[in-house]
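There are 2 protein chains.
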Amino acid sequence: MSGIVVMMNGLPGAMGHEVSQACIRRGLTLAPVALTGGGQPADCQVTEGSTSVTVKLVGPDAAGSQRKALEELKKAHGNRLVIIDFTHPTAVNPNGDLYTSVGVTYVMGTTGGDREALMKATNDSGVYAVIAPNMGKQIVALQATMERMARDFPGAFSGYKLEVTESHQKTKADTSGTAKALVSSFQKMGVDKFEMDDIKMLRDDESQKAFGVSEEHLNGHAWHTYTLKSGDGSVEFQFKHNVSGRRTYSEGVADAVQFIAAKCAEKSKKRTFDMIDILEAGVMQ
Amino acid sequence: MSGIVVMMNGLPGAMGHEVSQACIRRGLTLAPVALTGGGQPADCQVTEGSTSVTVKLVGPDAAGSQRKALEELKKAHGNRLVIIDFTHPTAVNPNGDLYTSVGVTYVMGTTGGDREALMKATNDSGVYAVIAPNMGKQIVALQATMERMARDFPGAFSGYKLEVTESHQKTKADTSGTAKALVSSFQKMGVDKFEMDDIKMLRDDESQKAFGVSEEHLNGHAWHTYTLKSGDGSVEFQFKHNVSGRRTYSEGVADAVQFIAAKCAEKSKKRTFDMIDILEAGVMQ
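Protein sequence lines, in the order shown, are assigned to chains W and D.
Under the UniProt record's numbering, the first residue of the first sequence is numbered 1, with each subsequent residue one higher.
Under the UniProt record's numbering, the first residue of the second sequence is numbered 1, with each subsequent residue one higher.
No lab work stands behind these hints: they were computed from the structure.
No incorrect hints appear here.
Intra- or inter-copy, both count: the list cannot distinguish identical chains.
Below, computed lysine-lysine pairings styled on BS3-like, alpha-carbon distance capped at 25 Å:
1) K193 to K180
2) K240 to K161
3) K240 to K188
4) K240 to K229
5) K229 to K161
6) K269 to K120
7) K240 to K170
8) K209 to K240
9) K193 to K240
10) K180 to K240
11) K180 to K229
12) K229 to K188
13) K188 to K161
14) K200 to K240
15) K269 to K75
16) K161 to K193
The shape of chain W in the complex, shown without the other chains (with noise of 0.2 Å):
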């Protein structure tokens, strides 16, 4: 599958330069034209290499130019056209609507929104979709494979105390997603009583650093532990994941865009996927 156009929607965000420089190492073309929240610039440069694309950004206030917009890249690209959604909780349904009655093939990485009320829209329509909360590869892979772990052992850390400790940036109010769900995989293989208030958040700059987080990744990281004591103490299993920066991310996106589009040109009657399937088919680089 060559000729990928991706439209980078959520530029000029952190992630949306990212994935776009991403997608630019990967040879796929950047679109001069995205969608974009209200008040940002009228345009923004990505830069990758040698490549210069000064993408035009258009919002939301002028009614209809959204669409518009879509829909032109649409006719000039066809089916090599492929969106990718880093924007707004808010903006995850209005834009799914979007996309599904332009009818272009997309990757939503942004989360949040009505999840189902996406997925009834994407399967109806009949477009092509990758819809995935984690684009990181490796760590979509670790929680599959932890929670088929409990499935098929599901008394294996019977008797063993768990401890988690989690630092993001500290933007993030929540606890990790990711986190929780490994929590899930060990409760369900025996673990002793641990609540997902349990779980150690790091938000302040001084535990970071003290867990080895870098001075340069303090405003972008994904640092996760989670450790696994018999009761007797003899025994010690220890799980770490540990993102700086979000170029991991990025990376699973394009291969996102890369497997959708080969979906969309095979005609695969499958159309709606996440990473798991990516994961699955091996296809990543």
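Following the hints, put chain D in place on chain W, whose structure we already have.
Below, chain D alone, put in the same frame as chain W:
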């Protein structure tokens, strides 16, 4: 299944002692006679809490005396008798032949010998048996889980660099089989070139203490750390399993004894099992 009587073959070895104690803690009865190798004392004492048992040790010197001891125990306890074998690699096949010819349920924890011949003799005999080279149930579970992760997500760690360090008591000459098995899984997940020789083995006091092993466990531990780093260094995964002493293995043996006694009592059609079967049954304590 109550009233299980355990014949602990391999006393007075350290593992024989640990396993006997685990069985007593579970409320199983330790038989006052057991088979042992050449050059061992006539008996030994096993103590756990307020229970103390003198076990007569029957060596291989007097022809037929081991068979006779086994037949007498079988006559006294019938199907409630379960043998545990932690003897020597050279005894695996002769002992297996003895157990199957007398018709006693057994748990083979001894490694080495001709495993294929052991399986064949056991399957042909119709005797119930657990044959498992590693009784550390969580470690077996992790090993199986990582193998499944490799099967499900073949390219998950593509482009990652692997580092492996394992530490065992200095009497262990070869590389850890568990470490090799996990490396094999990571290889299938696409990590950069990594040979088994690249596994870093710690076998001396100083490096082991620096690795975190406590003084008292230098002569009995199994510590493993696997680190995976993305090509650009922005993502790091780490998996650790640190076992100090032998207690977790002995608890796994007690699980196996209770499992196989129940299989024998219910006249299970399947008769030969490994630790994965026990883990999947979720019956561990």
